[in-house]
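A.B. asks: Chain Y: place on chain A using the hints.
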Amino acid sequence: MSMNKKVKNVAILAILASVFAGLLAFDFFYKKIDYKKGLDISGGAQLVFSVDVSSIPQEDLQDTLSALRDTVERRVNLFGVGEPSVYIQKGSFVSQEKDKYRLVVEIPGVVDANEAIKMIGETPVLEFKMKKENGEFDKAMITGKHIKKAALVFTQAAPGQFGGEPAVEITFNKEGAEIFANVTKENVGKIFGIFLDGELISDPVIKEPIYGGKALISGNFTLEEAKKLARELNYGALPAPVSLSSSQEIGATLGKQILDQSAKAGLIGFALVSLFMIVYYRWFGLLATFMLAYYVVFVLALFKLFGVTLTAAGLAGFILSVGMAVDANVLIFERIKEELASGKKLLEAIENGFSRAWNSIRDANLSSLITALILFWFGTSIIEGFALVFAIGILASMITSVWLSKVVMHSFAELISNK
Amino acid sequence: MFGYKFKIGELVVEKRKIFYFISLAMVALSLALFLYKTPQLSIEFTGGSLYEVKCEKVCVQKTQLEAQLSRYVDSVKVIQTKQGYIIKTSPVTPQTKAQLENKLQELNLVIERSSTIGPSIGQEMKSKALLAIVAVVLLIVLFVAWAFREVSKPVSSFVYGAVAIIALVHDIVVPLGFYSVLGSFGAEIDTLFVVAMLAILGYSVNDTIVIFDRVRERLKQLKALKQKESFEKTVAYAIDASLARSINTSLTTLLALSALYFFGPSVVKNFVLTLMMGTIAGTYSSLFLAAPLLVSYYNYKKSKESK
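Residue numbers (our numbering), protein chains in the order written: chain A, 7 to 425; chain Y, 20 to 326.
With the rest of the complex left out, here is chain A:
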C-alpha cells in the first residue's frame, strides 16, 4: 500500500475512534455507562474488619473466607445505595499482620456507616466444636457457612423437661449435613459444643448418628432471642468472627465539591497548556493541542471502559498527565526544529524528528511506568486509582503524541510538499 493510502486508512480509523471515544466519554450512549467514582468523590464509607481465623482449620481457610465475603456482601446489599464492594485482603508481607486476613467493605453513598457496622457486627458467629479428651474444644468442624436455613421452633416435651421452649432448628446444606452425619457417627457418646458468638450455649451428648441434616439449638432463649437468632442466621451466619479495625467515611457534599473543582481545574489546565504550546510552537502547537484534546477524550473513554475508579488523587494524576503528555510532543518538535535548521526538507525533518525522539520518549516513559507499577502494589484503593490513571495516561500519551501525531503531520507535510 502506498504511503498515502496507508495514511488515509489510519486517518479514517482515527476519526472513527475519536468519535466513538467522544461519545463514550460524554455520555451520549443510550445505555449510560457511568464513571466509577471512588469513595472520596461519591461519598460513602470504607470499613475494614480483621478476621479471626484462629479456630478455622487450615484446609477450610479459603472456603471460609469466601463464604464470609459472600455473607457480608448479602447483608450490605440490604442498604441498597449504589454498588457495595466487599473483598478479603491479606496483611502485607512487610507488616506485623502478615498472616492476618482482613475484610474490606466499601459502601458508596451510605448515610450512616454506624448502621452498617452494627449490622455486620450483629451477624451471629455459629460454630460446632467437638470436645476433646482433655476437656478442651477442637477446631470448628461446622460453621455458619454450612447453614442453609434456620427456623424458630418449640421444643417437644421430653422426660424431665417441659416442652414448648423457644429454640432454633438449623437445616444444614448438603456439605454440612454430610459432615454432621460423619462426625456424629464417629463420636457417639462424646460431647460437642455449640458456640454462638464465641460463647458456649449448649453441649449435648451425641446419642446417635444424625443423618437428617438438622440440628436443634436450645439454650434458654426467650421468644424474642430465638426469633432474632433464627432471622439473623437466615441472613447468613458469619463463618468466622470479625472486629472493626478501621473505618473511613466521607460525606457526599464534600465528595461532589471535589469532583466539581477537579473538573474545573482540568479544563483550566488544559487551556493553559494549549495556550503555551500555540504561542511557542505556532502551527505545531496547534497540532499538539488537537492531540491533547484527543488524548483527554481517549483516556476518559478508557476510564469508562475499564471501570477505573476515580478519586481525588486520581483526577489530580490525570491532570498532571495532561501536562506531561505534551512532553513527547515537545521532544519531537524540538528535534524537527533541529532538522529543519540543519537544512533538511520538511518531510525528512519530520521523519527524523520522530525517529530520533522515539528512544528518549520510550525510555523516559518506561521509568514512569515502573513507578506506577510499584504504586499499584503499594496502595490502598485510593493510591491504586492514582497509579492506574498515571499508567493509562502514560500509555495513551505515547499513542497519541507519537503514533497519531506522526500520521497527521506526515499527511499534512505530504500535502504541502506536493503543492
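Calculated from the structure, these hints are not laboratory results.
Some hints here could point you the wrong way.
[Stated by the list, open to error] Mimicking DSSO-like on lysine-lysine, the simulated pairs with C-alpha atoms at most 30 Å apart in a straight line are: (1) Lys96(A) to Lys107(Y); (2) Lys107(Y) to Lys351(A); (3) Lys43(A) to Lys145(Y); (4) Lys350(A) to Lys242(Y); (5) Lys43(A) to Lys107(Y); (6) Lys343(A) to Lys252(Y); (7) Lys247(Y) to Lys351(A); (8) Lys351(A) to Lys26(Y).
[As the list claims (entries may be wrong)] According to the in silico footprint, chain Y covers these stretches of chain A (three or more CB under 8 Å from chain Y): (9) 118 to 128; (10) 253 to 264; (11) 357 to 367.
We treat Cβ as the ideally placed atom computed from N, Cα and C, and that holds for glycine.
C.D. replies: For chain Y alone, coordinates are given in the frame of chain A:
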C-alpha cells in the same frame, strides 16, 4: 518558532563547581529543615481517629469542644479550619464512635468526613511506604544502567546509573525540605505525600534520561563520523540541545499543576505543591547536576589513569 537563543552548555560545564555548591547547599538546607521541623505523620501511619466537621449556625468554642469530647476518648486535639474543626483522637472503638458522633451532632457540627485507623494498619502503611520508595529507587537505577548499557565509553553505563541516583536524591530531599516548611502550616506526611515522592522519582529520572540520551547519541554520532571531541564539549552540546525541551516540559507540567492548585480540591493542594517543587528540582538536577557530574567523573577517571 523562536527558541532559547543562549547557549549555556559550555558555561554550565565550565562552572560546574558553582552548581554543585548550589545543589549541596539546597540539600543541606532541606535536610536541616526536615530534621528541625519534621512534619507530623498523619493517622494513616500512626493510627488514630480523625473527624473533619463543619459548623452549622453557631460554632462551639474550641476549648469547650475539647472538654466535651475528652469524656469519651483520650488525647483529643482540635484544630480550627476555615469552616469548622479537625478533631484528632486516639482510635475509637465502634461503641465510642456512635457516642462521639451523637455528641458532635448535638453540638451542631456536621461531619464532613471521618477516619479511624487501627495502629497495626498504620504500621503496615509505614513499612509499605518505605519499601515502595526503596523499590522504585533500585528499579530505576537498574533500568538506567540497562538503558545505557551500550555506552561504555568514555564513562561506563553504571556511572550513568550512579549519577542518576545522585540527581534523584537531590530531587527527593529538596521537596522534603520544602514540605517541612509546609508542615508548619499543618501539612502532614500522609499517603498522598508518599505518592508525590514516588511520582517525583519517576519524573526526575525521566528528565535525566533525556539528557543522557543526547550524550549517548552525540557519542555515537562522533564515532560514526570518526570525529573527536572533548567529553566536556559533548556534554555541553547535550545540555544545549535539551535545554528548550526540559524547560518547556516543566513549564507545561507546572501550568497544569498550578491550575490544580488554584482551582482544584483543597485535599490535594499540598500534594500539588510538592509535585511542583519536585518538577522544578528535577529539571534543575538533570541540566545542572547530572550532566556536569558526568564530566567530573570522566576527569577524575582520567586523572587516575594518568598516574
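A.B. asks: Could you run down the list of hints and mark each one as holding or not?
C.D. replies: Hints, verified against the model:
1. Lys96(A) to Lys107(Y): 28 Å, holds
2. Lys107(Y) to Lys351(A): Status violated; Cα separation ~66 Å.
3. Lys43(A) to Lys145(Y): Since the Cα atoms of Lys43(A) and Lys145(Y) sit roughly 27 Å apart, the hinted pair holds (cutoff 30 Å).
4. Lys350(A) to Lys242(Y): 22 Å, holds
5. Lys43(A) to Lys107(Y): 27 Å, holds
6. Lys343(A) to Lys252(Y): With Cα atoms ~22 Å apart, Lys343(A) and Lys252(Y) stay inside 30 Å; holds.
7. Lys247(Y) to Lys351(A): OK: Lys247(Y) and Lys351(A) at ~28 Å, within 30 Å.
8. Lys351(A) to Lys26(Y): At roughly 25 Å apart (the allowed maximum being 30 Å), Lys26(Y) and Lys351(A) satisfy the hint.
9. 118 to 128: Coverage by chain Y holds here, the residue count being 4 at a Cβ distance below 8 Å.
10. 253 to 264: Contact hint for the region 253 to 264 of chain A vs chain Y: holds, 9 residues under 8 Å.
11. 357 to 367: With 3 residues in contact (Cβ-Cβ under 8 Å with chain Y), the coverage given for the region 357 to 367 of chain A holds.
Hint check: a violation occurs at hint 2 only; the rest are consistent with the structure.
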